[in-house]
Amino acid sequence: MTTTNVKVYKDLMGENEKWANETRRLLTEKCVLMINLIGSPGSGKTALLERMAKSLENRIRFAVLEGDVETTRDAERIAAVNIQASQLLTGGACHLEAKLVHYALKDLPLDDLDMVVVENVGNLVCPAEFDVGEMAKIAVLSVAEGDDKPSKYPLLFHEAKAVILTKIDLLLHVDFDVDDCIANIKRINASAPVFTLSAKTGIGVDNWINWLHERR
Amino acid sequence: MHELSICQSIVNSIQEEMAGMDPRPKRLISARIVVGELRQIVPEFMQNAYQNLTKGSDIEGSQLEIKALTIHGTCEACGWTGPLSKDLCECPSCSSSKLKMEGAMDLYLDNLEIENYVTPEA
Ligand SMILES: Nc1nc2c(ncn2[C@@H]2O[C@H](COP(=O)(O)OP(=O)(O)OP(=O)(O)O)[C@@H](O)[C@H]2O)c(=O)[nH]1
Ligand SMILES: [Mg+2]
Ligand SMILES: [Zn+2]
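Line order of the protein sequences matches chains G and B. Taking numbering that gives the first Met the number 0, the leading residue of the first sequence gets 0, the next gets one more, and so forth. Taking numbering that gives the first Met the number 0, the leading residue of the second sequence gets 0, the next gets one more, and so forth.
Extracted from the complex, chain G is given alone in its bound form:
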C-alpha cells in the first residue's frame, strides 16, 4: 500500500465568510450599520429592542432580523412596537449563519434604513463563532445570570465591539458585583465599552444609543 500526504490548508469557514463579506459590501454601499446581538436565552435582547424602538423615535431608522430555533414570537413583539422585523428560523441550529442573514437582508428596504439589528439565537456560545456580515457583535449579559459569565464564556466577550449589561433594575435582588464583572470583561477585551442599563426602566439606554449614533 502506498500512501501520500496532501497538504491542503483550506479555510473551513470560507463559505460562510464569502456570504458575510457580500453582506458587508451591500451594507457599506447602502450606508447601513448592522449589529449582531448575542446573549443567553432570556438575557433581554428583545426587550432591549422594544425599549430602543420607544427611545429612538425614528432618530435611527432600524429593522430587525430575529433569529430563533422556532416560533415567530419575537418578530411579532418587534412588529407590535412598529419596527419592521423578519423571523429567521434555524430549524434546530444553535446559531445564525451568513447566507440566511444575507437573503433576509435583501428583502429589507435598505434605502430607507440606518441600521439593521440581528437578534441571534439565544446562546452564549455558538453564535460567537459565526460572522454573519455584521460590523459589530454586541454581547448582551443580564445581571440575573451571574458576574462570572465573561470569564466562563470568553469568546463572545473577546469578539464583541461593545457589551451590554442589562436588567440592572434587578441588582437589589441578585448577588452580582458590577465592578468585578466589568473588570473581568476588560481583562478579556480592553477596548469594548460596557453599557449598564435596564430595558425595563430605560435607565442607561441613552449612553448605548449615543454609541450607536457615533457608529453611523
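Which residues of chain G face chain B? A partial, calculated answer using Cβ under 8 angstroms: (1) Thr3; (2) Tyr8; (3) Lys9; (4) Asp10; (5) Cys93; (6) His94; (7) Val124; (8) Cys125; (9) Arg186; (10) Ala189.
Per label pair, the in silico range of CB-to-CB distance: (11) Asp110/G with Ala18/B: 41 to 47 angstroms; (12) Ala18/B with Glu28/G: 34 to 40 angstroms; (13) Asp168/G with Ala18/B: 56 to 62 angstroms; (14) Arg60/G with Asn110/B: 47 to 53 angstroms; (15) Val41/B with Leu88/G: 20 to 26 angstroms; (16) Lys85/B with Lys6/G: 24 to 30 angstroms; (17) Thr80/B with Ala189/G: 17 to 23 angstroms; (18) Lys85/B with Glu28/G: 33 to 39 angstroms; (19) Lys25/B with Glu14/G: 23 to 29 angstroms; (20) Asn206/G with Ala18/B: 52 to 58 angstroms.
Quick caveat, the hints were computed from the structure, so don't treat them as lab data. Even for Gly, the Cβ is constructed at its ideal location relative to N, Cα and C.
For this one, chain G is given, so just place chain B with the ligands on it according to the hints.
Structure of chain B with the ligands alone, referenced to chain G:
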C-alpha cells in the same frame, strides 16, 4: 451543536479536494483539521458528527484528526512575542493589555492522508 455545521463544511471540503486530485486516490485514510484555541469546538462532538456525516459516503471509515493550535501573541507595547494561553489578556513581560492574538480563531483543513492506487509499471 455548531460542530455539525462546521463538520459539514469539513466533509464538503475533503470531497472537493479529493475530486480534484490527479491521479485519483484510492481512499482517504485520515484528514487533519487545525483548530485555534479560542474556537469552542468539542472534539468528541466533532468526531461523532464526522462519523455520522461520512456514513455511506466515499470517505466512510476515514479518521478525523483534530489538532489544537496555540495562540501566538505579540505585545504592541514592548514587542514581546510568544505563545499565549487563552485566558491571558496581559503581556507576560510588561503587563500591557495591548496584545495581538494570532491564530486564536483559525479553523482549516490542513492535510489529507490518502492511499494511492498502485500504478502498474509501464
Ligand atoms: N426586570 C427586568 N426584566 C427584564 C429586562 N429586560 C428583559 N427582562 C425580562 O426578561 C425576560 C426575557 O426577556 P427577552 O427580551 O424575551 O429575552 P431574549 O434575550 O430576547 O430571549 P430569547 O430571544 O428567548 O433568547 C422577559 O420576561 C423580560 O420581561 C430588564 O431590563 N429588567
Ligand atoms: Mg428574544
Ligand atoms: Zn509587553
